[in-house]
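The primary structure of each chain is shown beneath.
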Amino acid sequence: MHFKNANQLVRTIIAGCSAVAALALSGCFDTTLESSPVTGVIYCSEGNPTSFNPQLDTSSTTSDASSHQIYDRLLNFDPQSGKIVPALASSWLISNDGLTYTFQLRRGVKFHNTEYFAPSRTFNADDVIFSIERWRDKIHPFHYVSGGSYPFFTSIGLDDLISKVNRINGYRVEITLSRPDSSFLANLATDFAVILSAEYAQKLTQSKMKDRIDNYPIGTGPFKFKEYKKDHYIRYQKHQDYWLHDKAPQKLIFDITTTSSLRLAKLMTGECDAIAFPAHSELDTIREREDLTLDGRPGLNVGFWAFNTSKYPFDNPKVRRALAMAIDKNTLLEAVYYGSAVSAKSLLPESSWAYQSDTTETNYNPVLARKLLRESGIDEGFTINIWAMPVERAYNPNARKMAELMQNYLIQVGIQVNIVSYEWTTFREKLKEGLHDSVLIGWSADNGDPDNFYRPLLSCSAIESGTNRAMWCSQEYDSLINQALQYSEIEQRIEYYKLANKLIAEQMPLVPLAHAYRYRAHRRDLSGLVINPFGAIRFGDVEKQ
Amino acid sequence: MMLIQIIRKFNLLILTLFVLSILSFSLVYLFPGDPLVNLTGLKDVSPETRQYLLELHGFDGSYIYQYWLYLNNLVEGQWGLSFSSDKPLWEEISQTLPASMELSAYALLLSLIIGVPAGFLAGFQHYKQSDYSLLAASVIGYSMPVFWLSLIMILVFSLQLGWFPLSGRISLLFDIPHQTGFTFIDIFLSDFEFKDAAAMSALQHLILPTLSLTIVTASIIFRITRRSVIDVMASQYILTAYTRGLSSLQVVFRHGVRNALIPIIPIFGMQFAVLLTNAMIVEVIFSWPGIGNWLIQAIYQRDYPAIRAGMLAVSTIVIIVTVCTDLFAKLLNPALTGERRAQI
Numbered sequence: 001m002h003f004k005n006a007n008q009l010v011r012t013i014i015a016g017c018s019a020v021a022a023l024a025l026s027g028c029f030d031t032t033l034e035s036s037p038v039t040g041v042i043y044c045s046e047g048n049p050t051s052f053n054p055q056l057d058t059s060s061t062t063s064d065a066s067s068h069q070i071y072d073r074l075l076n077f078d079p080q081s082g083k084i085v086p087a088l089a090s091s092w093l094i095s096n097d098g099l100t101y102t103f104q105l106r107r108g109v110k111f112h113n114t115e116y117f118a119p120s121r122t123f124n125a126d127d128v129i130f131s132i133e134r135w136r137d138k139i140h141p142f143h144y145v146s147g148g149s150y151p152f153f154t155s156i157g158l159d160d161l162i163s164k165v166n167r168i169n170g171y172r173v174e175i176t177l178s179r180p181d182s183s184f185l186a187n188l189a190t191d192f193a194v195i196l197s198a199e200y201a202q203k204l205t206q207s208k209m210k211d212r213i214d215n216y217p218i219g220t221g222p223f224k225f226k227e228y229k230k231d232h233y234i235r236y237q238k239h240q241d242y243w244l245h246d247k248a249p250q251k252l253i254f255d256i257t258t259t260s261s262l263r264l265a266k267l268m269t270g271e272c273d274a275i276a277f278p279a280h281s282e283l284d285t286i287r288e289r290e291d292l293t294l295d296g297r298p299g300l301n302v303g304f305w306a307f308n309t310s311k312y313p314f315d316n317p318k319v320r321r322a323l324a325m326a327i328d329k330n331t332l333l334e335a336v337y338y339g340s341a342v343s344a345k346s347l348l349p350e351s352s353w354a355y356q357s358d359t360t361e362t363n364y365n366p367v368l369a370r371k372l373l374r375e376s377g378i379d380e381g382f383t384i385n386i387w388a389m390p391v392e393r394a395y396n397p398n399a400r401k402m403a404e405l406m407q408n409y410l411i412q413v414g415i416q417v418n419i420v421s422y423e424w425t426t427f428r429e430k431l432k433e434g435l436h437d438s439v440l441i442g443w444s445a446d447n448g449d450p451d452n453f454y455r456p457l458l459s460c461s462a463i464e465s466g467t468n469r470a471m472w473c474s475q476e477y478d479s480l481i482n483q484a485l486q487y488s489e490i491e492q493r494i495e496y497y498k499l500a501n502k503l504i505a506e507q508m509p510l511v512p513l514a515h516a517y518r519y520r521a522h523r524r525d526l527s528g529l530v531i532n533p534f535g536a537i538r539f540g541d542v543e544k545q
Numbered sequence: 001m002m003l004i005q006i007i008r009k010f011n012l013l014i015l016t017l018f019v020l021s022i023l024s025f026s027l028v029y030l031f032p033g034d035p036l037v038n039l040t041g042l043k044d045v046s047p048e049t050r051q052y053l054l055e056l057h058g059f060d061g062s063y064i065y066q067y068w069l070y071l072n073n074l075v076e077g078q079w080g081l082s083f084s085s086d087k088p089l090w091e092e093i094s095q096t097l098p099a100s101m102e103l104s105a106y107a108l109l110l111s112l113i114i115g116v117p118a119g120f121l122a123g124f125q126h127y128k129q130s131d132y133s134l135l136a137a138s139v140i141g142y143s144m145p146v147f148w149l150s151l152i153m154i155l156v157f158s159l160q161l162g163w164f165p166l167s168g169r170i171s172l173l174f175d176i177p178h179q180t181g182f183t184f185i186d187i188f189l190s191d192f193e194f195k196d197a198a199a200m201s202a203l204q205h206l207i208l209p210t211l212s213l214t215i216v217t218a219s220i221i222f223r224i225t226r227r228s229v230i231d232v233m234a235s236q237y238i239l240t241a242y243t244r245g246l247s248s249l250q251v252v253f254r255h256g257v258r259n260a261l262i263p264i265i266p267i268f269g270m271q272f273a274v275l276l277t278n279a280m281i282v283e284v285i286f287s288w289p290g291i292g293n294w295l296i297q298a299i300y301q302r303d304y305p306a307i308r309a310g311m312l313a314v315s316t317i318v319i320i321v322t323v324c325t326d327l328f329a330k331l332l333n334p335a336l337t338g339e340r341r342a343q344i
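Sequence order for the protein chains is R and G. The first sequence begins at 1 in the working numbering and counts up by one. The second sequence begins at 1 in the working numbering and counts up by one.
This is chain G alone, in the form it adopts within the complex (with noise of 0.2 Å):
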């Protein structure tokens, strides 16, 4: 049963993935210009490196076998030059794609600590003092729009009070070679000789952009978690638990907390998907040399193979977020039929 559920999964996986490839493979065609130089990224290329790019790239075929050879040439990492910096896509993304998850982890990371235990207090006491002002709370955090929230924090916590820069990752002083590109474990694989004054800065680059992330995602979630614990703790078996005479915790901790849980995290999971289109804008604002930033200046400068990979790049990494929830959700409860998981 449950490696059909797995292999079912992992066809839509596929299945995703081939429409987007597709789809890139298509704005090759779709974007102005020579669909060569878009595809390579090479401009100005003498006549036979032409010809024999065309060839290479199967441009003298049908669509069909350009589409094969494109396929070939993104599973080997083959992405084309940016029209920018004339360097591999592949590394380029490599780079930054990183600093993205990074920054989304974490702010995912933060908003689940702060944005579930609220949401299991406010669910908890609904319709009471502590719920409606947690309520209101996370309307606010909900409203407001993360690059305005950015500028504030930049204006209160940088520029008034000095307390965190801010602009990239890491103070440029530590000379931290590229090994993941995930600060911290870069920090601690390098041989650097002032690795927790290094880790520091990482540190304090890295809270006001998390910070700005995490309000608006922590209200989500919040408001996710509330709902689902109010519907359980109003269900039959926990009035039954009650009846059995279990006491408070062991009914919140046996029946509450688990049911409350599964079926949300699929939502979590989709949450990553909001996270990171709204980290692509909170790096803008504190220059974070992640893929939003770097997909913003491909789209300034028209560098239409930078805008194709990095658009295949980042949807990849959503699509595989959201299957990859999905499926540990069915782990944690293969009961869960696709009747009650359309109620959420």
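Next up, chain R with everything else stripped away, as it sits in the complex (with noise of 0.2 Å):
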């Protein structure tokens, strides 16, 4: 009897419980994640930046999250043609003798009014002094704040290199160098030659917060700097007052998201509007997603095969070239960078503005090498060490893989091949020394101008500071890049590159193997975010439907 009033009241509350259950049910489901009225982009970067001063660092994270976003320079690259355009600079004169440069600067550009900043003029010559004169002059009262080094300036002599900059007046500088070099320019318009706010360094100072400048920045750019939590997000307003256009999303957000899965995982549920560095593994699966869109150029970079030319054989050029033509580049291009990448011609890629689009390749000629082998006396049976780098890099995902491919090509002409490794800084150390035979690595590049290839390769100086791979020191081919630098003219200058180019072909101190490509993936809605070859990536002309 009571059972089944039990059961009655079983009843009752499976009723209940359903439609408590339905209710809620019905009030997730009608509004899916996208209608909010809140607009931004949400950017899935892949780690904290150390500070938010690209000069102080050349590492992309931090100038992704501050160069383009916060800052502008006095001039930018374009990102399609690579050439140099005006920014913050209108327009430059430089002197017959290519010493002096002088700058005609924007008039009524504003700098970011935050809650930590009011900003009581526009921006001018004092800017741009105290900008270059922080990280020239040692004694300046903001060089030692946040450490005092600054690398992509002093890696490139820049520091050395310019003698003075003087206030001509309030919209007019004049920077002296110590010598002509055409690279100047380009190396003003990279990420790393930021603006910063010399009114806003004066406050700082006068409320003893110097500090506070490169964590708490002040620029010109497209975004003013709101919050940073690390391991968590920054956060980016717009900055209303932009000189240049009006068009850049109310919010930016970078979404600090280390995994590479998880990031491509927020992005395939729309969390994040576009990620930085999809992994190898994972384009195929952004291909086939319809919501997805996946860029990817060549970026500014070469994976190259050096031989060490101060040893027998590699001293003789006929060797390194019937070594060169031993190998199938298209084969190992497939294998180990899935596609990913281009044959590379010479050292530059082909978004460079000295790219040379007729230069002969060396092709894969088996035949051949083991006639020219021969010929050099080298017999069946000889046996050359292949240094693989043990890491991996853009430019060359898979070192150890492709040594071993090469290792069955070299089989074929009768050369055995040893593949050595080491720890990557004992690598590093004992290939500076020139212990090695041949070695498989690569460069990447900072900024668009070629300069930033020839000159650290091959060049004999560079065998000093341990980038020249192939040991190789040849006269003619410094004189020719040293030249190539007296010429602020691109069209003098790239006769130059291609005469060091022909040189490099015939000598062949390296056999140039791939450009790889940069990728970026983002939602398809997102339209405007264009791949920079020349460094950071910009948000400013992000738009989203």
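Misleading hints may appear alongside valid ones.
[Said to hold, decoys possible] No farther apart than 20 Å at their CA atoms in a straight line, the calculated lysine to aspartate or glutamate pairs in the EDC-like style are these:
| id | chain 1 | residue 1 | chain 2 | residue 2 |
| --- | --- | --- | --- | --- |
| 1 | R | 226 | G | 44 |
| 2 | R | 371 | R | 506 |
| 3 | R | 203 | R | 126 |
| 4 | R | 251 | G | 193 |
| 5 | R | 203 | R | 115 |
| 6 | R | 238 | G | 91 |
| 7 | R | 226 | G | 76 |
[What the hints assert, rightly or not] Covered stretches of chain G (in silico footprint by chain R; criterion: 3 or more residues with CB under 8 Å from a CB of chain R, positions within the stretch not fixed):
| id | segment |
| --- | --- |
| 8 | 166 to 179 |
| 9 | 295 to 307 |
What the hints contain is simulated information worked out from the structure, not anything from laboratory work. Where is the CB? At the ideal position from N, CA and C, for every residue including glycine.
Since each chain sits alone in its own frame, please combine them into the complex, following the hints.
What follows is the structure, given as structure tokens:
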């Protein structure tokens, strides 16, 4: 009897529960993730920036978070053509001797107005002088704030190159160099040469909070800094008075997500609009999805196989050419880069303005290679070492695998190969000492100037500083690349680089293998996100439908 | 009588907290490295500052004196600095702990809403079809590892169906200032323009982690409730009630529910500890900015001051909640003697 009634009770409970559940569920489903009145762009970045001043750090994480978001430079690279275009400097003049550069500055450019700083004036010559002198002048009051290390400028010797920075008037600045250098303008357009606010620095000096300058940044860029929470996010807000345009998104957020698979997952659910560094293994997943776009273009890098030209038999150009002919680059590209790279003809990738499309490439020709080797007195069964770098880099994601493939190719021409590898630090030290026969390594450039490839990779002085992996020193080559810097006309410079390319192709101190793509994935409704081969990401021109 | 009970519980609380504080103090010495650095979180200080800190924290005196200063600092909220962020630990914990408590509280609430009625349902119908099915379901729910369940939830509901987001507490587009640390209260207090949208976003972010936690906890609560109901319904006074001619509903509501619930309320309180542990795992998977996620990061980075303070904060919360539910159960049913409780 009572059981029957208990059943009734049970039924009532069930009915009640399902009603509650139905209500709860209907509440969840009637809104989708996208419908939100608050607009903005969320970018899933790969790590924490060290500060918000790219002068202080060459890591791309730092420049991504600041260079093009918060700041402007005097000059910019056009991401499509790689040409230098005006930014905060509206025009510039170069003296005939190539030593004096005069910049006419843009008027009416407003700095960020934030909770921590209200600018009283617009951008002028003082800001340019402050920004340059900070890293150039060792007794500048701000030089040692945040450590006093400005790696980009010191590595290319820009602090020595500039001898004087003069204020002509409020909107004209004159920079004097100690020697002509036509890569100077390109260096001013890099991510690192940002313009800070002198007025803000002055205010911080007064309030004795100098060290805030790099963590609470003020610039003229499309976004102003709002909040940074380490390991979590960086918030930016639109700079309403941005000088260039008014189309920047209202909000920009960097969602710091260190795991690559999690970034992809967030992109798929729409929690991020764009992500940094999708892994090579994930590219197909992105391509398959209709709501996602994968952009890739050759980056400013080159992966190569360098011979130690100070050692027998690699001191013989004929042997080097023969070895270059013995390997099939295209197969290597497929197997190691999964098609995400283009075959390299010379040191320079296609996106560089000095790229020479008619360079002759070494073709795969094992028969000729064998013949040349025998002629040079290299017998069947000769053994060489290939050093394969132990780390993954964009320009060579798997050097070990590449070395193994090359092992097979070289055995076809009668050469035995030992693959050598050490821990990365040791590897570079031993490489610098020149203990290798040949090495698989590469180079990523910091700016669009061709000198950034030619000089560090093959000049005589680069043997000393440890970036010339071929230990190759040619007076002819050095004079060619030095002469190229004497001219500021692109056409004249290209002529010298052509000659340099020809010399490299004849001498073959290294075999250029590949220019790897740079990838970026974003949701289809995001437009205007252009991959900038010359450095950091730019969100100012991005629009979200 | 009642007052004595409260005082007794309060003493227990104080005593346990005392032991905990000693333990956390001893961690300063037990962790590798300089005890002063482990205590303050200040690395690379100048010799003068170091001397000052040594005196400030009583390192020139006995351990007991140091402990006394440590206690004072704890009470004042001077918990030291984190190695990795250089921010005061008190501030960091007061931002992360509410997030974990929020998640655990919702999960516990939902577990009770599901577990208790289901437990009664099965209890009344025990050894019948519906009881067996619920029991089977609870075994499955109970035995699923929570991290695996979370991943499956993400796979199905976020990546396949796209219904719910998979990380965080709220979309980052909503810039809700931190006030209490409880999202919905913060949204309500903020002068944000689109409170509805923000609350909706917060709700969407909450669902998957809460469900992942609920399935396990609800199964446990269901099993406890069912057992208790079966015991109560078989007891003499229920049978007496029936013989007195009361209807089933009257019997269940007047005698059954209360008597079945009272003994198990302290056990629910204890579930909070389990829940908080599970919540920490779930936090890592859903990138929930709670104390679990924070502590795991601290462990990865060997942030000793943070590990010490985080451990202290979490265990304090667990102890306070456990003692409070215990006290609450006592207040509900003062007649409960030690003997009767021992059976639970």
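Hint consistency between residue 251 of chain R and residue 193 of chain G [alpha-carbon to alpha-carbon, up to 20 Å]
Status holds; Cα separation ~15 Å.
Would you check the hint for residue 238 of chain R and residue 91 of chain G, treating anything up to 20 Å between C-alpha atoms as holding?
Since the Cα atoms of residue 238 of chain R and residue 91 of chain G sit roughly 29 Å apart, the hinted pair is violated (cutoff 20 Å).
Between the alpha carbons of residue 203 of chain R and residue 115 of chain R, is the straight-line distance 20 Å or under?
holds (14 Å)
Restraint check for residue 226 of chain R with residue 76 of chain G, where alpha carbons must lie at most 20 Å apart:
Judged against 20 Å, a Cα distance of about 31 Å means the pair is violated.
Under 8 Å between beta-carbons, do enough residues of the segment 166 to 179 of chain G, three at least, approach chain R for the coverage claim to hold?
holds (count 8)
Please verify the coverage claim for the segment 295 to 307 of chain G: does it have three or more residues whose C-beta sits within 8 Å of some C-beta in chain R?
n = 1 at 8 Å, threshold three: violated.
Distance restraint between residue 371 of chain R and residue 506 of chain R, which requires alpha-carbon spacing of 20 Å or less:
Holds, because 17 Å separates the two Cα atoms, which is no more than 20 Å.
Is the hinted pair residue 203 of chain R and residue 126 of chain R satisfied, with a Cα-Cα distance of at most 20 Å?
holds (14 Å)
Within 20 Å, alpha carbon to alpha carbon, are residue 226 of chain R and residue 44 of chain G?
violated (30 Å)
Of the numbered hints stated above, those contradicted by the structure are hints 1, 6, 7 and 9, listed in ascending order.
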